[in-house]
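Kindly generate the complete structure, drawing on both the sequences and the hints.
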Amino acid sequence: MKRPPESLFPWTLGSQPSFTGGNAVRLLCGGDALFPAQIEAIDRAEHEVWLATYIFHDDEAGAATAAALRRAALRGVRVRVVVDGFGSKGSLAAEGCPPVDARRLRPNLVLREAQDPLPPFIEEHVMQMVWRDGDAIGEGTWRRLVHRTACERCIVPNVDPDTGHVQSGVEIAIAALSAQRWPGLASRFGVYLQPPSGGSLKEGTVLTMELDF
Numbered sequence: 017m018k019r020p021p022e023s024l025f026p027w028t029l030g031s032q033p034s035f036t037g038g039n040a041v042r043l044l045c046g047g048d049a050l051f052p053a054q055i056e057a058i059d060r061a062e063h064e065v066w067l068a069t070y071i072f073h074d075d076e077a078g079a080a081t082a083a084a085l086r087r088a089a090l091r092g093v094r095v096r097v098v099v100d101g102f103g104s105k106g107s108l109a110a111e112g113c114p115p116v117d118a119r120r121l122r123p124n125l126v127l128r129e130a131q132d133p134l135p136p137f138i139e140e141h142v143m144q145m146v147w148r149d150g151d152a153i154g155e156g157t158w159r160r161l162v163h164r165t166a167c168e169r170c171i172v173p174n175v176d177p178d179t180g181h182v183q184s185g186v187e188i189a190i191a192a193l194s195a196q197r198w199p200g201l202a203s204r205f206g207v208y209l210q211p212p213s214g215g216s217l218k219e220g221t222v223l224t225m226e227l228d229f
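Residue numbers (the numbering used here): 17 to 229.
Quick caveat, the hints were computed from the structure, so don't treat them as lab data. Possibly wrong hints are sitting among the right ones.
What follows is a set of in silico ranges between Cβ atoms, one per label pair, in the way DEER data are often shown [claimed, not checked]:
hint : residue 1 : residue 2 : range
1    : D59       : T221      : 37 to 43 Å
2    : T221      : Q196      : 28 to 34 Å
3    : L193      : R91       : 48 to 54 Å
4    : L201      : D74       : 31 to 37 Å
5    : R164      : A130      : 20 to 26 Å
6    : Q183      : T224      : 27 to 33 Å
7    : Y208      : D149      : 18 to 24 Å
8    : L134      : A191      : 20 to 26 Å
The beta-carbon is built from N, C-alpha and C at its ideal position, and this holds for glycine as well.
See the structure below:
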């Protein structure tokens, strides 16, 4: 399989998974077992380190892990770190420590009108969105994002994915607006859409929405 150019795809889509034999799985119970084993594995890495975690705090365990990631990067290992933008919004030990590539992941799809302005909160009425996945107009495979449920897990803060800066007060405004639209229900902000297998979306892709009205 040919690797897509980095300029066309985000680095998170650059490598495709493959399955090989001769591997083993070891269950690590709790941080006392996890972090030493994790750091040992990073220190043994020769080619790549990929670390994805929900919470990466600037504490003793986080600092030790960040130090191991820096050591790996400095000896020529390709190091990639992805943390959740909500779970790790308060701190990130690896932030600003090149050559570790640290990113916050909030896979949100922001809609912008092509012609007529979109009504506020139109995404709450989306049943599905379709687009043609291809480089040439009129060619490519049709893909669709299918609505699954409203996002009620959390009030999403306005987190800058590069700096981690949180704009205060956003969650209060979202809760107030949600109460107007959905009185008596948990605060909503956006919806969950199920993506197709394969395909890609990039900024500027034209989407057609199917609404419930």
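Hint-by-hint comparison with the structure:
1. With their beta carbons about 41 Å apart, D59 and T221 fall inside the hinted range of 37 to 43 Å.
2. In this structure, T221 and Q196 meet the distance hint of 28 to 34 Å, their C-beta atoms being roughly 31 Å apart.
3. Range check, L193 to R91: about 50 Å between beta-carbon atoms, so the 48 to 54 Å window is met.
4. For L201 and D74, the hinted distance range of 31 to 37 Å is satisfied, since their beta carbons lie about 36 Å from each other.
5. For the hinted restraint 20 to 26 Å between R164 and A130, the CB-CB distance of approximately 25 Å keeps it satisfied.
6. In this structure the supplied range 27 to 33 Å holds for Q183 paired with T224, their Cβ-Cβ distance being about 32 Å.
7. At roughly 21 Å, the beta carbons of Y208 and D149 sit within the given window of 18 to 24 Å.
8. In this structure the supplied range 20 to 26 Å holds for L134 paired with A191, their Cβ-Cβ distance being about 22 Å.
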